[in-house]
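J.: Using the sequences and the hints, build the whole thing.
Chains as they are written, first to last, in our numbering: chain A, 159 to 306; chain B, -12 to 487.
It is worth saying that the hints were derived from the structure and are not from the lab.
Just so you know, these numbers come straight off a predicted model, no measurement behind them.
You may find that some hints are simply not true.
[What the hints assert, rightly or not] So, partial list: chain A residues that the calculated Cβ filter (under 10 Å) puts toward chain B:
{"hint": "1", "residue": "Gly192"}
{"hint": "2", "residue": "Leu200"}
{"hint": "3", "residue": "Thr258"}
{"hint": "4", "residue": "Phe305"}
Backbone N, C-alpha and C fix where the C-beta goes; we use that ideal spot for every residue, glycine too.
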Amino acid sequence: MAIDLAIRILWTAVGIAIMWLAWSLGVGKLDEPGPGLMSFGLGALITIVGFSRVLSHLVLKNFSEIEPWTKVAVGRVSAVVLLLIVYIALFEQVGFIVMTFALLLVLFAGFAGIRWTWSAALAAVLSLGNYVLFKVLLGTQLPAGVFG
Amino acid sequence: MSFADGLITGLQVAALPTNLLLCFAGVFLGTLIGVLPGIGPATAMALLLPITVGVPAASGIILLAGIYYGSMYGGSTTSILINVPGEAASVMTCIEGHQMARAGRAGPALAIAAIGSFIAGTFGIVILTVIAAPVARAALLLGPADYVGLMLLGLVMVIVISSGPVSNAVLTTSFGIVLGFVGIDTMSGEPRFTFDAPQLLEGIDVVTLVVGLFGVSEVLQNLESSIKRTMITDKIGHVLPTREDWRRSKGPIARGSVLGFILGLLPGGGAVLASFASYAVEKRLSGRSAEFGKGAIEGLAGPESANNSAATAAFIPLLTLGIPPNAVLGILLGALMIQGISPGPLLMIRNPDVFWGVVASMYIGNVMLLVLNLPLVGLWIQILRIPYGVMFPLILVFCVIGVYGTASMTFNLGLMLAFGVLGYVLRRTGYDLAPMILGFVLGPLLEANIRRSLIASDGDWGFLLTRPVGVVCVVLACALLFASVLPAIRAGRAALKTED
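T.: So, in C-alpha cells, the structure goes:
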C-alpha cells in the first residue's frame, strides 16, 4: 500500500517537474507555440492524473495490488544493478573482453551456481566469441580497452 | 509504377544472393529471438543495426524486417512448449497451444501455428502489395491535421488496450512523449530537457530506451524468482494436423488473417491487439467455448494468424505515411533515416528498390519461415533447455552490444540501465510499458504537426476538425477514451455514495 501511494505521489512530482522545466523553456502563445508548450500540457496532464490517483488512494481507498518485494529479490536485483554500474563505468577504459569476462564470471558463478572453473571457461569463450562475432565479423563498435 | 511492375522490380532486388542471405539471416534470427523469452525483436534489431550501415539500404531493411516478422513465428514455439510467450503477441497462443502440448498434441499445435502464420503472413503481404500504392497516393493528400488525428488515435488505442488502469497508461504515454522531446527542438533550435548534458542534444536513442525498458527490465524482473517452466519433454511425434484439426482451423485462420490485417493498420493497434481480438472472436464463434482454455485449436489458429497478418500490415503506416505503429518499427524507421531515406508517401517513387525490395523479400521470407520452423523445432527445444541462470547474463551482454554499437557512447549504457531500473519498477507496480514507447516514437512527430497546424491556423485548435480524416480519427479517439474511462468514473461515484 505504501509503495502504491509513493508511486502515485512520485508521478505527481514528475508532472510538476515537467511543467516547471517546460515553463522555463517558454510556452509561447497559441499562434506562436514555444518549445515548452506541449511539454507543459503533458506535465499538467501527468500532475492532474497523478494527483487524482493520490486522492483515489487516500479518499476512495482504491489501491493497486502490488506484490511486496522480498529481501532476496531486492538483494538479487540490487546486486545485478551494482555489477552493471561497475561494468559500464569501466567498459571503455578496460575494454569489452575483460569487462564482459568479469561480468559473466560473477553472474554464472553467483547466480547460475556454476562452479568457478567452469564459469571462468564459459565466460572466456563467450566474451571472446562475442567480440569476434560482433567486432571482427560484423564491424560493431566495441572498445578494445587494455588490448587497444 | 503498377504493383505488378513494382513487384517485379522488388523480386529482382530481393533475389540477389546477398539479399537472400540477409533475408534468411533475418528470419532465422527473428525466429530464434522469438523463441527466447527475455530478448525481443527490438534488441535483436539493435544488435544488427550497425551492420546495416555498411550495406545498401534495401539489404539492411530486408534483414531488419526479417527479424521483425520472424519473431512472430518464433514466439509461438515457446508459448506452446513451455507456456512462456517468447514475444508479447504470443500471449494468447500460450493458453490453447500449451494445453494441446500437454495433451500430447504439441506437433499439430506447432504445425497449425506455423501454417496459420504462413497463410496470414502471405495474405498480409498480398494486400500490402496491392494497396500500398493507393494508400501512398491518398497519403499525399493528408495534411498536418490528418496526421495529428491519426497519431492521437494511435496513442489512444494503445492507452485503451494496455494492461492495467487507463490512468496508468495515460501517465506512461505522456511521460514517453516528453522523453521523445529530449534534445534540440527542431523548430526553435533550443535544447530541451538535456540538463546540460551534450550527449542528450541529439535526443534519447530509441534503441537505448527500448532495450532498457524491455530487455534489461525483464531480466531484472525474472531475477526475482526463477521462471516456472513446464517444458514439454516428450518426443514430438506426429507433426501434421488431422483432418478434423484442418476443418476446425480453416475459419479461424481466415478470420484471423483479415482481422489481424485491419487491426495491424492502426497505429498503436498491432499484433498484440490482433491476437487478443482474434481469440475473443473465435471463442464467441466456435460453438465450443467450453473447450477454450483446455486446448481448443481455434484459439490457437486464430490468434497466431492474426498476429502475423498484423505484423505485416504494420508496414503500411510506416512505409506509406512515415508513422511507425510500434516501437520495433520505430527502430526500422531509425535504420531508414540512417540510410538517408525518409519513409512516407514518396518512398515508393524516390526509392522503389527499397520499398518493393522489402515487400518482395517478405514473400520469400515467409516461405523460408515455413520451411525452417517445423524441421528446427528440435533445435529450438534444445535452446530452451538452457537454464535462465546461463541465459540472462548473455541477454545483458547482447543489450550492451546493441546499445553501445548504435552510438559508441558509455553514456547510453548508463541511460539503458536507468531505463531498465525504471521499467522494472513500473512493471512491478502494474504499469504497461508499451504506451511509453509508442508515446516516445510518435511524440515528436505529433508535436511538430500540432505546432505547424497551430501556426497555420493562428492558434485556433479548431484545425483538428477541418479535415475529414482528422475529424474521424479525433472522434474515434474521444469515443474510445470515453468508453474506457466510463467504468472507472461510475465505480468512483459508487464508492463515494457508499461512503456517504
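J.: Can we keep the A:Phe305 interface hint, with Cβ of chain B closer than 10 Å?
T.: Violated, about 16 Å.
J.: For the hint on A:Gly192, just tell me whether its beta-carbon gets within less than 10 Å of chain B.
T.: holds, 7 Å
J.: Hey, does the A:Leu200 contact hint survive, CB to chain B under 10 Å?
T.: holds, 5 Å
J.: Using the nearest Cβ pair, does A:Thr258 come within less than 10 Å of chain B?
T.: Where the cut-off is 10 Å and the nearest Cβ of chain B is about 6 Å from A:Thr258, the hint holds.
Hint violations for this structure: number 4 only, all remaining hints satisfied.
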